[in-house]
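Undergrad: What follows is each chain in one-letter form.
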Amino acid sequence: MARFTYAPAPESRAVVDLKPSYGLFIDGEFVDPVDGDHFKTENPSSQEVLAEVSSAGPADVDRAVAAARRAQEQVWGPMPGKERAKYLFRVARILQERSRELAVLETLDNGKPIRESRDVDIPLAAAHFFYHAGWADKLAYAGLGPDPRPLGVVGQVIPWNFPLLMAAWKLAPALATGNTCVLKPAETTPLSALLLAEILQQAELPPGVVNIITGAGGTGAALVAHAGIDKVAFTGSTEVGKQIQRILAGTGKRLTLELGGKAANVVFDDAPLSQAVEGIVNGIFFNQGQVCCAGSRLLVQESIAEGLVDALKRRLETLRLGDPLDKNTDIGAINSMQQLDKIRQLAASGEAEGAQRWSPACSLPERGYWFPPTLFTDVVPAQRIAREEIFGPVLSVLTFRTPDEAIEKANNTTYGLSAGVWTEKGSRILHMASRLRAGVVWANTFNRFDPSSPFGGYRESGFGREGGRHGLAAYLKGTFGSDRA
Amino acid sequence: MPERVGGMDLADVARSEISLRRFLHGLPGVDQVGADGRAASLATRSIKAGAKLWAIDTAISMVDLTTLEGADTPGKVRALCGKARRPSPEDPSVPPVAAVCVYPDLVPYAKTALAGSSVKVASVATAFPSGRASLPVKLADVADAVAAGADEVDMVIDRGAFLAGRYGLVLEEVRAVKAACGRAHLKVILETGELVTYDNVRRACWTAMIGGADFVKTSTGKVNPASTLPVALVMLEAVRDFFDASGRAVGVKVAGGIRATKDAIRYLVLVNEVAGEAWLEPDRFRIGASSLLNDLLMQRYKQQHGAYAGSQDFSIE
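If you're matching them up, the sequences are chains A and B in order.
The letter at position 419 of the first sequence is residue 419 when you use the working numbering, and the numbering goes up by one with no holes.
The letter at position 124 of the second sequence is residue 124 when you use the working numbering, and the numbering goes up by one with no holes.
Treat the hints as calculated values from the structure; they're not laboratory data.
Every residue gets a Cβ at the ideal spot worked out from N, C-alpha and C, and that includes glycine.
Among the hints, a few may not be true.
[Said to hold, decoys possible] If you anchor each label on the Cβ, the simulated ranges turn out as follows:
#1 D17(A) - V223(B): 50 to 56 Å
#2 F449(A) - S134(B): 52 to 58 Å
#3 M337(A) - V223(B): 55 to 61 Å
#4 P225(B) - E97(A): 30 to 36 Å
#5 A260(B) - R320(A): 20 to 26 Å
[Claimed, not checked] Partial list, derived from the structure: chain B residues whose beta carbon lies under 8 Å from chain A:
#6 H25
#7 P28
#8 V30
#9 G34
#10 K48
#11 A55
#12 R175
Here chain A stands alone, though its shape is the one from the complex:
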C-alpha cells in the first residue's frame, strides 16, 4: 500500500527583508543605542543567526520615556479619540496587508509553525487593533465614568511566546485610551516588534507615541523602575512578575500582570470525546505548549480515562513535527536552549517521580531546539509535573471520580489563569465555570481568543484584564470602582 507522504510545502522566506542590524525605535526613528550594546537573535529551528539587535541601556530608556512623555502631553493625549482611532485602523489594515511577511518573520524568530503565525497570531494582532480603534472615540460609554482619562506613559514588557500578538494586546488598548508607550519585546524574539515599528512609521503615527526598545532583562528592569512612567504592564513569568511588584510597591505606579499558569482541562464522561481530544491537543501542543494559559493538566473522569488516553495517543501519532516554515507542520521548535533545558529537566522529574512518559515515534531535527509532544500518565497531584508550569509540549494526565473532586483538583494550584470543561451538559458547564478559580473558563473548546473577551488571571497568574471593556479600565483613570485614581 502506497503511503500518503506530504511533500515539503515551505512558505517562502523571500517576503521578509531582514536587515543585518536593527536600532532602537525611539521618537519615531530607528537610532543606535547611546549606552547600550548589541546582541544577536537566532532562528530556534536552525540556530542560524537572523540579525543583530540593539540592547537599550539606562540612557536609552530615559530617551524613550522622555519621547513618550512629550508625545503624550503635546500630541496623543490632547488628540480627539476619533483621530486616534484613524491611526489605529490604519495600523490594523497594514498588519493585514503585510500579514504574510509578519507571519514568516514571526516563525523565523520564534520557531512556531507558520500555520499558527499565519492563522492565529497575525490575524488576532490585527483584530486587536481593529477592536480598540473602535473604542477610541467611545470611551465615555465604556461604563468607566463620563470622562475617563489616560494614565500617561506606559511601560510594557512582553514575552517571547506570541511576540507580535502580545505587542498588539499591550499597544492597542493603551493607544486607544490616549496613553503613549515604551514597549520592550523579549530578548529572543525582537524582530516582529521591530517590523511593527516600521509599520507604525508607515501609518505615520506621530513620533514618540510608541517607542520600542529591545534588550534583555536589564533593559526591562530599567524600564519598569523608571520614574517617568505611570504604569507597567507585564506579561511573562510569575517570578519576574513578583520582582516587578516589589519594585513598584509604594511608587503609586499602576500595574497589571499576566503571568504563568497550570490550567486544568476537565473532561467528563459525557463530553463530545472526539472534539475533546482535539481540544486537549490544541490546549497543550499549540505553540509547543509555550502558552501561559496552556491546558497542561488533563483531568479526566476515571471511567473514560483509558479510552481517552488511547484516542489521544492515536491523535498525537498524526502530529507533524519539523520545519516551522512548512505549511503542514503542527509542532515547531522550542524558542530557546534555556527553555528547552527547563522542559527537559521537568520532564525528567516526572519520570523520576514515577509518572509514565510517552511520546509518539517522531524524529527530531539535528539542529535547533526540539522537544517531542509528550504525555505523562499516572500523574498524581504531589508531583512537580502536576504543579509547576513546564511551558512546553508536555501534558500531565490526572483522573477524578466526581465533579467535586474535579473542582478540588483543578483549583489545587497556585495559579488561576484558565481552565477548560468538556461536557454536553449545559448545567454542568455553568456549575463548573462558577467554581473553577480561573480568569478564563472555556467550555467544549480551548485556547480561543477574541479581542472583545477579557483575558487575565487569579492569584499567581497575575491581575488585571486585557481585552474587552475590562481591558480598557487598565489604562484609564477617573473611573468608577476600585480603579478610581
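Take the given structure of chain A and dock chain B to it, following the hints.
TA: Relative to chain A, chain B alone:
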C-alpha cells in the same frame, strides 16, 4: 470512542428497538463547532509535487463515475463506461476509476460495456433518492439491480423513520437490503443533508454499520447540502471506531458537489489523518462524482507537464 462499545456485543445492541436506541444515544456527542474547526484545520494542509500526483491518481482510482438522471439512456451509460475504463485515452498510465454508478434498469448496459475491466457496476436502489416506498418495493428494486449484475448497491435509508426516532425500522431495512444484495456490496446512503446534525450522522452511521453496510455514504447528490468535510470527518471517525469495536472495516463514500481536484485532495487528507492510511484504498473510500474526473485529469496533466491542457483535450465522458 471505542471504549463505549468495547466489550459490547453488537448483536446484543441490535436485539431490540430499546437497546439500539440506548446504544445510539450513548455514543459520545459531536460538538459542531469543534468538528467544523477540525475539518477546516485539516483543509489547510498543503499538498504539493509528488504527493499531489499521488493523491490525484489515488482519487481517480476511487471515483464512482455517476449518472443518475431521468434522461439517462443506454448510449449515455456506454459513453460513461468508456471513460471509466480509460479516463484518458492519450495516457494509459491513468488508472481506471473504481465504479460506474447508474439506475437499476441501466445496469445491464453498464455490465456489458465494462466486461473484462476492473471497473465495478454500482446501482442505486430502494426507491432512490427519497426512499419513500414500501419495503417489498425497495427489495424488488434491489433484486432487480442484483439480477442484472450490479456489483454494488447504493441504498438510501428511511430518513423519515430515522428522524422520527424509529431506529429499529432503519436497521431492519438495512439488514433486509443487505440480505437481498447477496454477494453485491452494500453502500448505505445516509443523506446527511436531511439528518442535519452531526449527532444524527454518527448515529445513522452506526445503525448502518450494525445492519451490515459495507460502505456508509453521505448523500444522494439530490439534496443540498450534500457531502461536506465535517460530515465526512464524523463518518470517518465512526468507521474507525467501528473497526476498533468489531474488527470489521467499513468504507466511506462521499458524494455530491465534489467537482474540483483540491476538494478531492482535502477529502483524502481527512481520510489519511482521521481513519488512517488503511482507508486510502478504493475498497474503503470512494468519491461519487461526474465532472470531478476531468478536473483530476487536467490537474494531473499540469503536474506532469507544468502547464494546463485545454478542456477540449479531455473527452467529455
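Undergrad: Work down the list of hints and note, for each, if the structure agrees.
TA: Consistency of the hints with the structure:
no.: 1; hint: D17(A) - V223(B): 50 to 56 Å; verdict: 52 Å, holds
no.: 2; hint: F449(A) - S134(B): 52 to 58 Å; verdict: 55 Å, holds
no.: 3; hint: M337(A) - V223(B): 55 to 61 Å; verdict: 57 Å, holds
no.: 4; hint: P225(B) - E97(A): 30 to 36 Å; verdict: 34 Å, holds
no.: 5; hint: A260(B) - R320(A): 20 to 26 Å; verdict: 25 Å, holds
no.: 6; hint: H25; verdict: 11 Å, violated
no.: 7; hint: P28; verdict: 4 Å, holds
no.: 8; hint: V30; verdict: 6 Å, holds
no.: 9; hint: G34; verdict: 3 Å, holds
no.: 10; hint: K48; verdict: 5 Å, holds
no.: 11; hint: A55; verdict: 7 Å, holds
no.: 12; hint: R175; verdict: 27 Å, violated
The earlier numbered hints that this structure contradicts are 6 and 12.
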